[in-house]
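**Q** The primary structure of each chain is shown beneath.
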Amino acid sequence: MNFVSLRFLIFAGCLLPLFFLIPARWKWLCLLAASYVFYSFAGIKAIVLLAVSTFLVYAAALGLERARTPRMRRLVFELGLVSGLFGLVVFKYTDFFGRLCFSAAGIFKPGIVYKPLGFAYVVGLSFYTFKSISYLVDVYRGKMAAEKHLGYFALYVSFFPQLLMGPIDRAVRFIPELKKRVDLDFDRLASGIELIAWGIFKKIAVADRLALFVNDVFAQPKDQGLYLLLGAYIYAFQIYCDFSGYTDIAIGFSRILGYDSMENFRTPYASRSLPEFWSRWHISLSTWLRDYLFLPIAYRVLRAIKSPALLSIKAEAWAYGIGIIITWTLGGLWHGAAWTFVIFGAVHGIYLLLSNITKKGRRRFVRGIRLDRLPALRRAIQVFITFNLVSLAWVFFRAESLTAALAFLQKISRQIPATRRGLLVFDILLVLLVIGLEALFKNHARWPMWQKLPRPLRIAAFALFLCLTTILAVDANNEFIYFNF
Amino acid sequence: MLWLVLFLFLFDRGVYYLTVSAENRFYRDPSFAERFQEFIKAKSFSTLILGTSRAFAAFQPYSFGKILGQEAFIEARSGKGPKYNWFFYEFYRRCVGPPKVVVYGIDYFIFQTESKERWLARFDRSHESFAPFSALSLLLRNKEDIEDFLVDVIARMGPAEDKAFRSTQDFIKAQDYVGRETTPGGVITQKPRDLHVHQYKTYPGKEGSYLKRLLEEWERDGVTVLLIIIPDYIGTYETNFEQRKSLKDLKRLTRGYPNVHIYNFNRSSTFPLEREEYFYNGGWGKSNSHLSKKGVGLFNRLLLKRIAVHYAPANKLKNSRRPVTNSKRSRPELFKPETHPIPF
Chain A
1 MNFVSLRFLI
11 FAGCLLPLFF
21 LIPARWKWLC
31 LLAASYVFYS
41 FAGIKAIVLL
51 AVSTFLVYAA
61 ALGLERARTP
71 RMRRLVFELG
81 LVSGLFGLVV
91 FKYTDFFGRL
101 CFSAAGIFKP
111 GIVYKPLGFA
121 YVVGLSFYTF
131 KSISYLVDVY
141 RGKMAAEKHL
151 GYFALYVSFF
161 PQLLMGPIDR
171 AVRFIPELKK
181 RVDLDFDRLA
191 SGIELIAWGI
201 FKKIAVADRL
211 ALFVNDVFAQ
221 PKDQGLYLLL
231 GAYIYAFQIY
241 CDFSGYTDIA
251 IGFSRILGYD
261 SMENFRTPYA
271 SRSLPEFWSR
281 WHISLSTWLR
291 DYLFLPIAYR
301 VLRAIKSPAL
311 LSIKAEAWAY
321 GIGIIITWTL
331 GGLWHGAAWT
341 FVIFGAVHGI
351 YLLLSNITKK
361 GRRRFVRGIR
371 LDRLPALRRA
381 IQVFITFNLV
391 SLAWVFFRAE
401 SLTAALAFLQ
411 KISRQIPATR
421 RGLLVFDILL
431 VLLVIGLEAL
441 FKNHARWPMW
451 QKLPRPLRIA
461 AFALFLCLTT
471 ILAVDANNEF
481 IYFNF
Chain B
1 MLWLVLFLFL
11 FDRGVYYLTV
21 SAENRFYRDP
31 SFAERFQEFI
41 KAKSFSTLIL
51 GTSRAFAAFQ
61 PYSFGKILGQ
71 EAFIEARSGK
81 GPKYNWFFYE
91 FYRRCVGPPK
101 VVVYGIDYFI
111 FQTESKERWL
121 ARFDRSHESF
131 APFSALSLLL
141 RNKEDIEDFL
151 VDVIARMGPA
161 EDKAFRSTQD
171 FIKAQDYVGR
181 ETTPGGVITQ
191 KPRDLHVHQY
201 KTYPGKEGSY
211 LKRLLEEWER
221 DGVTVLLIII
231 PDYIGTYETN
241 FEQRKSLKDL
251 KRLTRGYPNV
261 HIYNFNRSST
271 FPLEREEYFY
281 NGGWGKSNSH
291 LSKKGVGLFN
301 RLLLKRIAVH
311 YAPANKLKNS
321 RRPVTNSKRS
331 RPELFKPETH
341 PIPF
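Top line first, the protein sequences correspond to chains A and B.
As numbered in the working numbering, residues 1 to 485 make up the first sequence, in order.
As numbered in the working numbering, residues 1 to 344 make up the second sequence, in order.
No wet-lab data here; the hints were simulated from the structure.
Mixed in with the good hints there might be a few duds.
Said to hold, decoys possible - Pair by pair, the computed Cβ-Cβ distance ranges are:
(1) Lys245(B) / Leu9(A): 42 to 50 angstroms
(2) Lys222(A) / Lys245(B): 31 to 39 angstroms
(3) His196(B) / Asn2(A): 47 to 55 angstroms
(4) Arg272(A) / Phe133(B): 34 to 42 angstroms
(5) Val425(A) / Leu298(B): 40 to 48 angstroms
(6) Lys66(B) / Arg378(A): 56 to 64 angstroms
Said to hold, decoys possible - With a straight-line Cα cutoff of 30 angstroms, these simulated DSS-like cross-link-like pairs (lysine-lysine) come out:
(7) Lys222(A) / Lys201(B)
(8) Lys245(B) / Lys222(A)
(9) Lys293(B) / Lys222(A)
(10) Lys201(B) / Lys245(B)
(11) Lys222(A) / Lys41(B)
For clarity, every value in this text was computed on a predicted model and none was experimentally measured.
All C-beta atoms, glycine included, are put in the ideal place defined by N, C-alpha and C.
Generate the whole structure from the sequences, applying the supplied hints.
**A** Rendered as C-alpha cells:
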C-alpha cells in the first residue's frame with residue numbers, strides 16, 4: 001500500500017481512532033493486525049513469507065539463549081541466519097546468481113544458457129530481513145536478550161510505517177519503544193502531521209515533477225549534451241526527495257502513534273566528504289552495514305594478518321580497504337540484483353577507500369594553497385566535489401544497464417539542447433525551493449521569530465503550504481523508487 | 001483544528017482565484033497569439049480538427065500527415081463544445097486565416113454539451129467566474145486544469161527556441177496523442193437488466209446556435225466542412241437510442257450548405273462497433289465511449305480513405321465513396337449575428 005494514496009488515507013482514518021481507544025495492553029495486537037492488513041496489499045505470498053521468516057528468527061533467538069555450548073550457539077545462529085536470509089536470497093537473487101553461474105560455466109561448456117525462474121520480488125523484503133538479522137546478531141553478541149513475546153517481535157519486524165522502505169530500526173532500541181505506554185498527544189499529533197505533509201510534498205510535488213525531466217534525459221541520452229550532467233544532478237535530488245519523503249511520512253506516522261523511529265536523512269547533500277555523506281544518507285542502512293558487515297570483515301582481516309604490516313602496508317589499512325570494498329559492493333547488491341547496483345556500491349567503496357587514503361595528503365594540499373584560511377570557500381568546494389561524486393555514482397544506480405550508464409557518461413558534452421529549457425529552469429527553481437524549505441522546516445525550532453509567531457499564524461503558514469503542495473503535485477500515481485529494493 | 005480548516009478553506013479559495021486570474025491573463029496576453037501564429041505558420045496546417053474529448057481520442061493528426069500528406073491541427077477536448085469552437089475558430093482565423101478543411105467530431109450529445117467557462121474565459125472576459133462554494137476544495141477539483149496551466153507556464157519559461165506553440169498544453173497533448181490502451185473492464189459489455197437509455201437533445205439545445213454560426217462562417221470563408229459522426233461501442237450506441245433522430249437533426253441543420261459533408265461512422269456497416277477492443281470506455285448504460293489505441297488506428301485509416309477526395313487534386317483517390325453532400329436549397333433559419341469581443 002502506497003502512503004500517498006486514498007487507500008492509505010482510509011486505512012489510517014480507521015486505524016488511528018481504534019488505536020487510541022483500545023486499552024494499552026492490546027495496542028500491540030491492534031498495530032500488528034494493522035501492519036499485516038497493510039502488507040496484505042503486497043499479496044498472500046508476501047504475508048506468508050513475512051510470517052514464516054518472523055517466526056523462524058524469533059525461534060532461533062530463543063534457541064540462542066537456550067543453547068548450552070558455544071558450538072551449539074553457533075549452529076543455532078547460523079540456522080537462524082539462513083532462515084532469515086532465505087526469502088531474500090530466493091526471491092531477489094536467484095536469477096542474478098543463476099545467470100552468473102551459468103555464464104561462468106559457459107567458459108568451460110559453451111552454449112549453456114540459464115532459464116530465469118522469474119520469481120516476483122516481494123516489496124519490503126530487503127528491509128524487514130535486515131531488521132530480523134540485526135536482531136539475531138544482537139542477541140548472539142549478547143547486546144540484548146531474546147524477545148520472549150512473539151507479538152512484540154512480530155510487530156517490530158512488520159511495523160507498517162517502516163515495513164516497505166525503512167528506516168531499518170534496531171530491535172535493541174525499537175522493541176522497548178513499542179512496549180512503552182502511548183496515549184494521544186496533541187503536540188506529537190501536530191508535529192507528526194507536519195512531517196507527513198512535508199514528506200508528501202517532497203514526494204508528489206518535487207520528486208515526481210523532477211522525474212519528468214530525468215526520465216526524458218535517461219531514456220534518450222542522444223544529443224542531450226549538458227542536459228545529461230544536469231539530469232544526473234536533478235536525479236540526485238529526485239531520489240533524495242522520493243526516499244526522504246517516504247521516510248518523513250513513516251517517521252511522522254510513527255510519531256502520531258506515539259513511537260520514535262530512527263532518523264534516516266540529515267541534509268546529505270551538504271556533506272563535505274563521502275564518509276560524511278554516508279553518515280547523513282540512509283543512516284539506518286549505512287550504520288547497519290557498518291555494524292553487521294564492515295566491522296566483522298575488518299576484524300577478521302586484522303586477525304588473519306598476524307604481522308603489523310603486509311607488503312609495507314599497515315594491517316589496519318588492509319582491514320579498512322578490504323572491509324570497505326566488500327561491504328559497499330554487497331551494499332550495492334542489496335539495492336538490486338543487477339550489475340548497475342553492484343557497480344554503484346563498488347564506486348562508493350572506492351570513494352571511501354580513496355577518501356581514507358588521501359586524507360592526510362588533501363589536508364597538506366589545502367594548507368599549501370592556504371585554503372584553510374577561507375573556511376567558507378573550502379566548505380563550498382568540498383560540498384561541490386562530494387555532490388558531483390555522489391551524482392556520478394547515481395548514474396549507475398538509475399541507468400537500465402551498465403552499457404547504458406557508460407554511454408550516458410560518455411555523451412555528456414557542453415552542447416546545450418534547444419528544447420525543454422523551461423522544464424529545466426522550473427526544476428532548478430523547485431530544487432532551490434525544497435532546499436530553502438527544508439532549511440526552514442528542519443531548523444524552525446532554532447528561529448526565535450518562528451517560535452514567537454502566534455499559533456494561528458503558524459497554522460496559516462501550514463495551510464498555505466498544503467495549498468502549494470496541491471498545486472505542484474503531479475497526479476501520476478508514481479511508486480516510491482525504493483519500493484523496488 | 002478549527003483554525004486549520006478555516007485557513008485551508010480561505011487559502012484554497014484565495015490561491016485558486018489567483019491561479020485562475022493568472023491563467024486568464026496568461027492566455028489573453030498578445031504574445032499567446034503571436035506564439036500560436038508562429039507555430040501554425042511553421043507547419044502550414046491545411047486542416048483544423050474540432051470537437052470534444054471523443055474527437056480528441058478519435059482523430060490523429062499524425063495519420064493525416066502520413067496518409068494524406070496534410071498537416072492537421074487539433075483542438076478538441078472535454079468541455080470544448082460548439083460555443084468554445086466558435087470562439088476558437090474566430091481566434092484561429094484572425095491569427096492565420098481560414099483552413100482548407102475543418103473536421104468536426106459530432107457526438108450524440110452535441111446539443112447537450114456546455115463549454116467550460118474556464119476555457120471560454122480565455123477569449124471572453126464575461127465568462128470569468130468564481131464560485132467559492134462550488135466544491136469542498138477548488139484546488140483539488142480543478143487540479144487537472146491547474147496542471148495544464150502549470151505545464152504552459154513551464155514551457156513559456158524556455159527561451160526563444162521553446163517559443164513555438166507546440167509546448168502549450170492543449171496543443172502539444174493533442175498533437176502528439178496516439179491513443180489510449182484498452183483496460184480490462186473499461187467497456188461495459190454486458191447489457192444490464194434495467195438499462196437507462198439516453199434521450200437525444202434536439203437542436204439548438206445548449207450551444208447549437210454556435211454550431212449554426214460556425215456553419216455560416218465556414219460557408220463564407222469557403223471552408224470544406226466534414227462533420228464526422230464518431231463511432232461508439234455498440235452498447236453505447238444502443239443506450240443512445242435516438243440515433244436516427246440525431247442524424248436527421250444534423251442533416252436538417254446542415255441543409256443548404258454545399259460545403260458541408262456528413263460522414264457517419266457510428267453504424268456497424270462503416271465501423272465494427274461491436275468490437276470492444278476498439279474502445280477504452282463506455283458501453284451499455286454509458287452515454288459515450290472513446291476509441292482506444294487500436295480503434296483509433298483503424299478509424300483513421302477508414303476515415304482518411306474516404307475523406308481524401310476533399311484534398312483533391314493532390315491526393316485524389318479513385319473509387320472514393322461520396323458522403324452526404326448538401327445542395328444550396330431551403331436553408332432553415334438564418335443566423336443572427338451577435339457581437340462578442342475577441343481580445344486579440
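**Q** A separate judgement is required for each hint: does it hold in the structure or not?
**A** Going down the list of hints, with the structure as the test:
no. : hint                                      : in the structure
1   : Lys245(B) / Leu9(A): 42 to 50 angstroms   : holds (46 angstroms)
2   : Lys222(A) / Lys245(B): 31 to 39 angstroms : violated (55 angstroms)
3   : His196(B) / Asn2(A): 47 to 55 angstroms   : violated (35 angstroms)
4   : Arg272(A) / Phe133(B): 34 to 42 angstroms : violated (54 angstroms)
5   : Val425(A) / Leu298(B): 40 to 48 angstroms : holds (42 angstroms)
6   : Lys66(B) / Arg378(A): 56 to 64 angstroms  : holds (60 angstroms)
7   : Lys222(A) / Lys201(B)                     : violated (53 angstroms)
8   : Lys245(B) / Lys222(A)                     : violated (55 angstroms)
9   : Lys293(B) / Lys222(A)                     : holds (28 angstroms)
10  : Lys201(B) / Lys245(B)                     : holds (10 angstroms)
11  : Lys222(A) / Lys41(B)                      : holds (29 angstroms)
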